[in-house]
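Working from the sequences, and respecting the hints, build out all of it.
2 protein chains.
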Amino acid sequence: MKQTLKIIKIGGNVMNSKEALMGFLADFSKIKTPKILVHGGGKKATEISEKLGLQSKMIGGRRITNQAELEVVTMVYAGLLNKNITAQLQQNNCNAIGLSGADANIITAHKRIVKNIDYGFAGDVDAVNNKIVKVFLDNKLTPVFCAITHNKKGQLLNTNADTIANELAKSLSADYRVELIYCFEKKGVLLNVQEEDSVIEKIDVDLYENLQQKNIIADGMLPKLNNCFDALKNGVEKVIIGLPEVILNNNIKHTTLVL
Amino acid sequence: MKQTLKIIKIGGNVMNSKEALMGFLADFSKIKTPKILVHGGGKKATEISEKLGLQSKMIGGRRITNQAELEVVTMVYAGLLNKNITAQLQQNNCNAIGLSGADANIITAHKRIVKNIDYGFAGDVDAVNNKIVKVFLDNKLTPVFCAITHNKKGQLLNTNADTIANELAKSLSADYRVELIYCFEKKGVLLNVQEEDSVIEKIDVDLYENLQQKNIIADGMLPKLNNCFDALKNGVEKVIIGLPEVILNNNIKHTTLVL
Numbered sequence: 001m002k003q004t005l006k007i008i009k010i011g012g013n014v015m016n017s018k019e020a021l022m023g024f025l026a027d028f029s030k031i032k033t034p035k036i037l038v039h040g041g042g043k044k045a046t047e048i049s050e051k052l053g054l055q056s057k058m059i060g061g062r063r064i065t066n067q068a069e070l071e072v073v074t075m076v077y078a079g080l081l082n083k084n085i086t087a088q089l090q091q092n093n094c095n096a097i098g099l100s101g102a103d104a105n106i107i108t109a110h111k112r113i114v115k116n117i118d119y120g121f122a123g124d125v126d127a128v129n130n131k132i133v134k135v136f137l138d139n140k141l142t143p144v145f146c147a148i149t150h151n152k153k154g155q156l157l158n159t160n161a162d163t164i165a166n167e168l169a170k171s172l173s174a175d176y177r178v179e180l181i182y183c184f185e186k187k188g189v190l191l192n193v194q195e196e197d198s199v200i201e202k203i204d205v206d207l208y209e210n211l212q213q214k215n216i217i218a219d220g221m222l223p224k225l226n227n228c229f230d231a232l233k234n235g236v237e238k239v240i241i242g243l244p245e246v247i248l249n250n251n252i253k254h255t256t257l258v259l
Numbered sequence: 001m002k003q004t005l006k007i008i009k010i011g012g013n014v015m016n017s018k019e020a021l022m023g024f025l026a027d028f029s030k031i032k033t034p035k036i037l038v039h040g041g042g043k044k045a046t047e048i049s050e051k052l053g054l055q056s057k058m059i060g061g062r063r064i065t066n067q068a069e070l071e072v073v074t075m076v077y078a079g080l081l082n083k084n085i086t087a088q089l090q091q092n093n094c095n096a097i098g099l100s101g102a103d104a105n106i107i108t109a110h111k112r113i114v115k116n117i118d119y120g121f122a123g124d125v126d127a128v129n130n131k132i133v134k135v136f137l138d139n140k141l142t143p144v145f146c147a148i149t150h151n152k153k154g155q156l157l158n159t160n161a162d163t164i165a166n167e168l169a170k171s172l173s174a175d176y177r178v179e180l181i182y183c184f185e186k187k188g189v190l191l192n193v194q195e196e197d198s199v200i201e202k203i204d205v206d207l208y209e210n211l212q213q214k215n216i217i218a219d220g221m222l223p224k225l226n227n228c229f230d231a232l233k234n235g236v237e238k239v240i241i242g243l244p245e246v247i248l249n250n251n252i253k254h255t256t257l258v259l
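Protein sequence lines correspond, in order, to chains A and B.
For the first sequence, the numbering used here puts the final residue at 259, and the numbers step up evenly by one.
For the second sequence, the numbering used here puts the final residue at 259, and the numbers step up evenly by one.
The hints are simulated quantities; they were obtained by calculation from the structure and are not laboratory data.
These numbers were taken from a predicted model, which means no experiment stands behind them.
Incorrect hints may appear among the rest.
One copy or two, either will do: identical chains are not told apart, so a pair holds if it fits within one copy or between any two.
[Claimed, not checked] Computed cross-link-like contacts, DSSO-like style, restricted to lysine-lysine with a CA-CA straight-line distance of at most 27 Å:
id, residue 1, residue 2
1, 153, 32
2, 233, 18
3, 111, 18
4, 32, 152
5, 2, 115
6, 153, 131
7, 51, 18
8, 30, 152
9, 140, 153
10, 134, 152
11, 233, 253
12, 43, 32
13, 153, 18
14, 224, 44
15, 57, 115
16, 152, 18
17, 134, 32
18, 153, 30
So, in structure tokens, the structure goes:
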């Protein structure tokens, strides 16, 4: 039987508070199975951009990554955040290794084709080198990925962290029983966005289509759920959406996605 | 017989020119033996510090690393420079992996004890985990180290890049025949700093002491040469100081250090 691998993605709600992040990383370190962490960091990037006199431009929640912004996200995601998370995990005796997609050529991507909007140096993933990730896991290392990829032609690219988690999960399904966990600021997918407790505990493909038709799924949630079902259709065993606490405590209300 | 491992350190002269860096990385990629790159990046860190309204304070060529400066060097060394070098090497079909000392717990250090000067978050190396570096090399990866370490208690530390190269070289001598090459802006150690061509081609311990007594070794060169002899006394096979071109062309004038 394949070994379980947990791939956990954290975003703004955890990253933006030092205390929340430290608590989360202590919890994450306690996970006994092989594990991978994927992190964002958009708010810090925007903060540093402003200090440098740049104006971060976002369309539909996605960053327009010109050359100057690419340098900022490379500094903030791959440097400041990734290495501080790694050092914090090391303190918790979790043997973390901070990585971008350029490292060990793990994630190759191409610059997003311009249709209506030119996102600049935004990368859409082409391939994941799961073999070398398995070498790291076999050596008891815990990979920590920031949201930077490369095109194998020397160009770094800013890539959505949800997508990176998703692509890693699909690729590593070849060797592991992968559980993909998206941590965010809600308890799960809500039936009514106004009611924090209206968590839909299980969503299958039929219900998902139904919810979409009724316009119940909020805008920001759509790409996230599309990612999730894409993962399930491509070998990922289990996908969970919920609060960061869910990684250790399965009794906390959350949303499980199933085919 | 042990396999040869080349550990190459580059500093300002290569890092500060995009063209020089690209040329160097193309050369570096052609090295056939296992290899490790160690890079600095002080000038870029100072540039970003200034843009952020900080004033980089240096004493005797060493940075006083307060909290704000630590964030800058972490961003610039581990993020901007390390990942761009890694992506560039990938383009040259060198399977690079960018690392700080916190990654895989490779280099632990302690905050420098305050004697006369408080260097802030400057780290002096305690230990190198050579086993995991060997795993990377065995898997055909080329480690690229920036000058950041950690104390295993969650604290990142700014560490001199020459020292990192030196400590890696000593530690990896257990498994490899290590050649340590320091690339800088001169052809080697000069007998007369005014004459670029007055390279001392071979320096042994006796000559080194002699040159020191005669005050021929310039100030900046002293810690570098102390590092070199420390390496030789601790198992490193060969130490070379010279221009970046020396990594591929042994006929270029350079300084070789021997016991």
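Evaluated hints:
no.	hint	in the structure
1	153 to 32	between (38 Å within a copy, 21 Å between copies)
2	233 to 18	neither (36 Å within a copy, 44 Å between copies)
3	111 to 18	between (32 Å within a copy, 22 Å between copies)
4	32 to 152	between (34 Å within a copy, 20 Å between copies)
5	2 to 115	neither (41 Å within a copy, 55 Å between copies)
6	153 to 131	within (21 Å within a copy, 31 Å between copies)
7	51 to 18	both (20 Å within a copy, 25 Å between copies)
8	30 to 152	between (35 Å within a copy, 17 Å between copies)
9	140 to 153	between (31 Å within a copy, 19 Å between copies)
10	134 to 152	both (21 Å within a copy, 25 Å between copies)
11	233 to 253	within (24 Å within a copy, 61 Å between copies)
12	43 to 32	neither (31 Å within a copy, 43 Å between copies)
13	153 to 18	between (36 Å within a copy, 16 Å between copies)
14	224 to 44	within (22 Å within a copy, 37 Å between copies)
15	57 to 115	within (18 Å within a copy, 47 Å between copies)
16	152 to 18	between (34 Å within a copy, 18 Å between copies)
17	134 to 32	both (16 Å within a copy, 26 Å between copies)
18	153 to 30	between (38 Å within a copy, 17 Å between copies)
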